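Given the coordinates of chain A, work out where chain B should sit on it, guided by the hints.
Line by line, the protein sequences are chains A and B.
Per our numbering: the first sequence = residues 1 to 331.
Per our numbering: the second sequence = residues 1 to 331.
Hints in this document: simulated from the structure, not taken from any laboratory.
Honestly, I wouldn't trust all of these hints.
Each pair may be met inside one copy or between any two copies, as identical chains are not told apart.
[To be verified] Calculated cross-link-like contacts (lysine-lysine; reagent style DSS-like; alpha-carbon spacing at most 30 Å):
#, residue 1, residue 2
1, K261, K294
2, K136, K261
3, K44, K285
4, K136, K253
5, K253, K135
6, K135, K261
7, K48, K303
8, K253, K21
9, K114, K326
10, K253, K303
11, K261, K114
12, K285, K326
Being a predicted model, the structure only gives us computed values, none of them experimental.
Residue strings, one per chain:
Number of protein chains: 2
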Amino acid sequence: MAFRTPYLMFLGDAPDELAAKTAIGVRDWRPEWCVGQLRLDGCKADLKLPDMSPAEAAAAGCGTLIVGIANRGGIIPDNWVDPIVQCIENGMDVASGLHRKLASNPKIAEAAEKHGRTLTDVRHPTRDFDVASGKKRTGKRLLTIGTDVSVGKMYTSLAIWRELESRGVKATFAATGQTGIFIAGNGVSVDAVIADFISGAAEWLSPDADADHWHVVEGQGSLYHTSYAGVTLGLIHGSQPDALVICHDAARKTARGLGDKPLPSFQEVIDAGLWAARNVNPDVKVAGISINTKSLDDAAAEKLLKETEDSMGLPTVDAVRTGVAKIVDTL
Amino acid sequence: MAFRTPYLMFLGDAPDELAAKTAIGVRDWRPEWCVGQLRLDGCKADLKLPDMSPAEAAAAGCGTLIVGIANRGGIIPDNWVDPIVQCIENGMDVASGLHRKLASNPKIAEAAEKHGRTLTDVRHPTRDFDVASGKKRTGKRLLTIGTDVSVGKMYTSLAIWRELESRGVKATFAATGQTGIFIAGNGVSVDAVIADFISGAAEWLSPDADADHWHVVEGQGSLYHTSYAGVTLGLIHGSQPDALVICHDAARKTARGLGDKPLPSFQEVIDAGLWAARNVNPDVKVAGISINTKSLDDAAAEKLLKETEDSMGLPTVDAVRTGVAKIVDTL
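Same shape as in the complex, but just chain A (with noise of 0.2 Å):
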């Protein structure tokens, strides 16, 4: 997949910023892609993006109609439907990240039948992958690694990789997740692969390159997550990292969904860590932690990233706060 840019954001009827979540982080990553927001009566989020028609928004040269809302059972509501096929009939494509299929829906897939447009539904693998082959690759990679889950893996792979690209230094973000997908334009969601092809798909997403180059590989889950570290643990290995960042969020004090399961510490992700990423490959580092600190005042927050690169030993950033830089020097 590589969608057509820019992008028209459908927010339908949202009920609140955080089912908007998705679509905030295409615009944040993608400013320069995203045109404008599609919005509908009773919709409480705002990307403030121009409001646009289909038709509006076929004007301005969208390519692609973007569903980054987040709906109960990741359905398509009866009052999407119409808007969405009025996008495909205005030319554009449609991605979506809900977990119902856009074809499921008749109307839609119709649609795009009659005008040759592509759906996409980037929580569905579009391909096959091989099993993965454990052969060496050419290139540099990165990939996040967290104490948890929803902990910033992506902000902080997004954050390295437009660090390193500001430094001129040749970089790919490889997403593995619906919002990483929508910002890279690519990508697999590895959690929705079949379970023999986790590594292989992440093999696929990093695939051999320059000898300067880095692959910034977005993590999933944690190796300490007992509903997800079967991805994580196929995610280090098909990705073969020569560095890993720890991410952790100050907030978390118990491992989401899993009731009050404490955390692992920032040495024990580290120790598992560098145990998965080894069998791959035996050079591999710790670049760096990074936590978001965005629960804590600038006093709170200054004082545990300091704490936490005294005791830990590497150098430790909020994404957001100080920006990656310190990480990245050590690439």
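Chain B in isolation, oriented as in the chain A frame:
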């Protein structure tokens, strides 16, 4: 799924015994369910069962035709279709371990529809799974893990299950691969589920049970095999093992399918397995080591088992040569 027994074993025109490996496993572990074999011209495999036509098998009470042979690309050759259809016409269900689904063949699909028979493809999950909850379940669980793939984890698991049953202990064999599923009559091909649900499938496979009941869970892959380790880790987390048994093949020197990659040591496999399992069960123990010594003569096998037992300090058996009593003694 729960197949109607007894079975008619379909061997097709298997070019050698190896192609019939699955059928041989079923015959070995469920002789009471295997009443006949159906072979076509040129078949070079033989289960030493009575050759039966579909009509003869139906008369003998067969409930399910088991397609337990491997075929290039996992497809259904043209010359298999008529005999499979004849079994359906004679009232049998069909269960297949091929990659290609039975219903992808129109004649087979039509016959099943017309006669109200069930087609089951054991490589394809027949239900959806929840994301793993990580909640502690009642009952005891044993899981086999390996130094590599295909080193005897299924065979060892089956032998332990039988040994437990023979001692009057309540035990269930939880099948995670195609041969195991035919033997158990149910199960899940965990390597074929969507990556996010590996550990959820393993939880489903070994649900709450009586405090003195053992689920003996068939292991898959290896934490050190870079193609499949994600499946292995998800299976460990989902099965919450109280006991691990380490499996190895004395003839295996390098990881299967990964070139000259060396195998991990027993200690590495034990350390990694305990690390993973302690995340869900702090009290997990290694109950023993099971080595396939088929490649060795009696003296060499005895020496290897003795040396391994002494150096590792764990009961060490060959599930075929010595049986697994020594391991079951520790449970």
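To see whether the hints hold, each was checked on the structure:
For the homomeric pair K261 and K294, the shortest alpha-carbon distance inside one copy (22 Å) is at most 30 Å, but the shortest distance between copies (44 Å) is not. Taking the shortest Cα distances, K136 and K261 sit within 30 Å of each other only across copies (11 Å), while inside one copy they are farther apart (36 Å). Within a single copy, K44 and K285 get their C-alpha atoms no closer than 44 Å, and across copies no closer than 53 Å, so neither meets the 30 Å cut-off. Proximity of K136 to K253 under the C-alpha cut-off of 30 Å is restricted to the inter-copy arrangement: shortest distance 20 Å between copies versus 37 Å within a copy.
Taking identical chains as interchangeable, the C-alpha atoms of K253 and K135 lie at most 30 Å apart only when they sit on different chains, with a minimum of 18 Å there against 38 Å within one chain. With identical chains, the CA atoms of K135 and K261 are at most 30 Å apart between copies only, with a shortest distance of 10 Å across copies and 37 Å within one. In this assembly of identical chains, the alpha carbons of K48 and K303 never lie at most 30 Å apart, being 34 Å within a copy and 75 Å across copies at closest. For a Cα distance limit of 30 Å, the shortest separation of K253 from K21 inside one copy, 22 Å, qualifies, whereas the shortest one across copies, 49 Å, does not.
In the homo-oligomer, the alpha carbons of K114 and K326 never lie at most 30 Å apart, since the shortest distance is 52 Å inside one protomer and 68 Å across protomers. In this assembly of identical chains, the alpha carbons of K253 and K303 lie at most 30 Å apart only when taken from the same copy (18 Å versus 51 Å across copies). For the identical chains of this complex, K261 and K114 are neighbours neither inside a copy (51 Å) nor across copies (52 Å), given an alpha-carbon limit of 30 Å. In the homo-oligomer, the alpha carbons of K285 and K326 lie at most 30 Å apart inside one protomer (15 Å), although the nearest pairing across protomers, at 43 Å, exceeds that limit.
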